[in-house]
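Protein chains: 2
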Amino acid sequence: MVDAALETKAAANPARRGRRRHANGSGATGPELFPQKAFRQPRNIYKPLEAVSADELESIHQSSLTVLKEIGIDFLHDEARAMLKTAGADVAPNSERVRFDPVLVEELVSKAPAEFTVHARNSAHNLKIGGDYIAFSCVASAPNAQDRDSGRRPGNQQDYRNFLKLAQFFNIIHCVMGYPVEPVDIHASVRHLDCVSDMVRMTDKVFHIYSLGKERNLDGLEITRIGMGLSNEEFRRTPSVVSIINTSSPLRLDTPMLQGLIEMANAGQVSVITPFTLSGAMAPVTVAGALVLQNAEALAGLAFTQLVKPGAPVIYGGFTSNVDMKSGSPAFGTPEYVKAALVGGQLARRYELPYRSSGVCAANTVDYQAALETTLSEWGAINGGGNLIKHAAGWLEGGLSAGFEKFIADVDLLQMLAEYLTPLDVSPEALAIDAIRDVGPGGHFFGTQHTQDRYKDAFYAPILSDWRNYETWAEAGSPTAYDKANILYKKALEAYQSPSLDPAIGEELDAFVAKRKEEGGAPTDF
Amino acid sequence: MVDAALETKAAANPARRGRRRHANGSGATGPELFPQKAFRQPRNIYKPLEAVSADELESIHQSSLTVLKEIGIDFLHDEARAMLKTAGADVAPNSERVRFDPVLVEELVSKAPAEFTVHARNSAHNLKIGGDYIAFSCVASAPNAQDRDSGRRPGNQQDYRNFLKLAQFFNIIHCVMGYPVEPVDIHASVRHLDCVSDMVRMTDKVFHIYSLGKERNLDGLEITRIGMGLSNEEFRRTPSVVSIINTSSPLRLDTPMLQGLIEMANAGQVSVITPFTLSGAMAPVTVAGALVLQNAEALAGLAFTQLVKPGAPVIYGGFTSNVDMKSGSPAFGTPEYVKAALVGGQLARRYELPYRSSGVCAANTVDYQAALETTLSEWGAINGGGNLIKHAAGWLEGGLSAGFEKFIADVDLLQMLAEYLTPLDVSPEALAIDAIRDVGPGGHFFGTQHTQDRYKDAFYAPILSDWRNYETWAEAGSPTAYDKANILYKKALEAYQSPSLDPAIGEELDAFVAKRKEEGGAPTDF
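Heads up: the sequence lines are chains C and B, in that order. The first sequence runs 1 to 526 under full-length UniProt numbering. The second sequence runs 1 to 526 under full-length UniProt numbering.
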């Protein structure tokens, strides 16, 4: 754990960070309509599944090292290449290509911590990353939003804020790993200023900043620091914000991503190195080959973080799927996807690193396909030992839209998974021999004391499932999960309460954003 | 394996059983529309998940033994009680109650085989039961059928036969474990004669007979024997038919089920002992308590099979779920259900017995909920190490209806699961280092030779998923999985081909059925 001393200190002095503490971390909203459990990270009580043997895993690992040694990877960043050359990597002259000796890769990657805590401005929402801890994040980076009422539209600030409200409202959403939807009605030069300060104000959970150029990283880091109420020095010792570093598959790390990686590592903040290796498109058509590529790219990025700052918190990201070979469009939650997610977890554990996976689908609405593909992708994520599960609420259309109804459907699924991850009570009372004796052969448990004492909380009560019999359900007009979710997401928005924020921090935040807007934000060429 | 010698003999002399052999066991039907893989039992390449520790499992086991010793279980069958008394069980005078010494239970259960083969009249469709082998069966025992064209109606012979056609047509359906739908338009006295002879004629896969009175069992056994073309003596050495023995929870085994168990075991045929322990109704409201009850009932039934005939093939059946505490209606695919399915598998493995689980849901149609609950119940079944997975295609409404569209949707899911259960190819060619070298940084794998050589069969092509982009899908009228399945089940019915049957066997079958009908079939009081 990073900096337990600071954590303790902060806990002893909550006012300093301007937090209002709720016993269950949820606020006092909507208990009747949404009888949520308190904010809590599920822990994986099951042993992760292994899709390949230890020998086969070693083959994938060794193949990745061969790729890095013989083929190499392009680092589109002069300073990064210079650092790598100094560290002993083979940097081709007049080229972006960097080749790695296997020993160098393994030595660097071994410096990354196996577990760490990411701090939220409400410490009840701090996240443990690694081991058997799981954190669910909502959909990120969708260009479009959709719901029944307004249809499908390009992302805008109101949708963006509404998704933040849902992410804050539902305790099963542990963090916000990117803009749920891209608010294209805010100019790109200042969008990050508005969006990241919204994350601070409208939520008190861990969030993410994009690596889209040095200014945006620095602004995001500063807004996070202000929100956390920490000094620069404290902030560097306190992981409090996350950035996804995507490789440009195959075998490229581009300039803004490398710059972001440098800024995040230097600031002691969290990078998630995630190749998006689509088997059959940017990666080999064989799942094993796509995994070799994923792993080579991930290792290169992970090694570089540890060169920038040994011990910097990082997460191994896996996002290998296959394409539809007819259309070239990406597929999710397929059998190939699930196997790749499991092997991704095996690789992350081999390097003793936290693992990022996803809850995703290619469906266009909340339908049969959405449930099938999303549940299967969670099969891969949970059974793969995923620690950070991205896109787990609201993702549709392979990431091209964020759906309000889908958000509710996924909250339901995630709450079920959290129950599934709760250890079974096998106490003598739960084993119920006396209740079985009292009822005896041919009896009924409905009215027994054992049942009466427990029935209210005995089972998870789903948000969307309709358990009425066919006739009653048909008479009610055969309502769908989508119908119900459409009503409920609006109720949740109504029930949302803004988390409290120290006025002094609010002022500092406003002042910073105003100053940076005055300066023009981050330069754009439009 | 039971009677490998006979198996070999039959394989060497196929004409004797009047079979036409297809290389892939599927017939030559509909390859364009339904590009199925050959009939093949998936093997579970993953380690089953454990929801409780070894100590906790032992607590459940010991609690079940305590229930059987102290409370006992009612055996509503005089002969059965007499046999149990002789064997050393504590049989209460003037009562149906039987109490078991733990040693007796464990001694009897240990006589059951860990693995065996169930023979089909097409030996390409023989099933290995136990170990890591999986067999999927379609929906059974639904009182109603439903599809879009004719709505929901009480089961009838035409629907019954149409479901048999689908079960035969799709290679991923390995057996037919009960009437998919109950044909109530056939009088109950002769229904079993028509239905079981249809199973023989319309399919050549392993099937099931109901334990609903001695005459029905004996008729079903005889029809199976005729269909197999075996002598009485051969038949007794050749497991060829299965009967589900449900307990009447709590703690009762009723007369027809015990009679069926006796007939099946005596005939060397397969019983699946399956308590239906609904937590909160016929079982304790705690999942652990429901599992104690499930296990006590299962052990009692399993022990009795081995008393009737040591070594008789049996399967440990688990079907613990929870009820909706508001309405009392059963729920499926819930978090509690999944955990219970995993523990059921742990218990079966503890006794070294094959395990039966299910693919089920409470949804009323092919919708979001159906996919969610069915996929989660498969999560429990597959990860629980299920060997025989019942109801895995077509089940709706908690078993109250069999759906034609649902059948297609489930075939798609099962085919995905079979792919998921296929080992990942990690050969040097699959690891694709050379392909990665050829493409290099920034390239694309779409047109490479490595891709061209493999793309056609690289990924599972789903039957129902719509991977078109939002706009194209919306322009096409936003079709649903249900829409597509409605078309496809009718195409599959058209593509069905009757499996060949030795005319001599057909004549013997007709003669037997005619004789039994003349005799009035099985007596009924209506």
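Among the clues, some could well be false.
Copies of the same chain look alike in the list, so a pair counts if it fits in one copy or across any two.
Unchecked claim - With a straight-line Cα cutoff of 16 Å, these simulated EDC-like cross-link-like pairs (lysine to aspartate or glutamate) come out:
(1) 85 with 324
(2) 515 with 222
(3) 69 with 198
(4) 111 with 50
(5) 214 with 254
(6) 37 with 55
(7) 128 with 78
(8) 69 with 434
(9) 69 with 56
(10) 69 with 90
(11) 128 with 79
(12) 85 with 194
(13) 47 with 434
(14) 111 with 352
(15) 69 with 101
(16) 326 with 56
(17) 214 with 185
(18) 111 with 78
(19) 515 with 215
Please keep in mind that the hints were generated in silico from the structure rather than gathered at the bench. Remember, it's a predicted structure, so these values are computed and weren't measured experimentally.
Status of each hint after checking the structure:
no. : hint         : in the structure
1   : 85 with 324  : neither (40 Å within a copy, 64 Å between copies)
2   : 515 with 222 : within (12 Å within a copy, 89 Å between copies)
3   : 69 with 198  : neither (44 Å within a copy, 64 Å between copies)
4   : 111 with 50  : neither (25 Å within a copy, 33 Å between copies)
5   : 214 with 254 : within (13 Å within a copy, 75 Å between copies)
6   : 37 with 55   : neither (42 Å within a copy, 29 Å between copies)
7   : 128 with 78  : neither (34 Å within a copy, 61 Å between copies)
8   : 69 with 434  : between (66 Å within a copy, 13 Å between copies)
9   : 69 with 56   : neither (20 Å within a copy, 49 Å between copies)
10  : 69 with 90   : within (9 Å within a copy, 73 Å between copies)
11  : 128 with 79  : neither (32 Å within a copy, 61 Å between copies)
12  : 85 with 194  : neither (38 Å within a copy, 80 Å between copies)
13  : 47 with 434  : neither (33 Å within a copy, 34 Å between copies)
14  : 111 with 352 : within (10 Å within a copy, 45 Å between copies)
15  : 69 with 101  : within (6 Å within a copy, 67 Å between copies)
16  : 326 with 56  : neither (30 Å within a copy, 50 Å between copies)
17  : 214 with 185 : neither (22 Å within a copy, 75 Å between copies)
18  : 111 with 78  : neither (24 Å within a copy, 72 Å between copies)
19  : 515 with 215 : within (13 Å within a copy, 90 Å between copies)
Comparing the model with each numbered hint stated earlier shows that hints 1, 3, 4, 6, 7, 9, 11, 12, 13, 16, 17, 18 do not hold.
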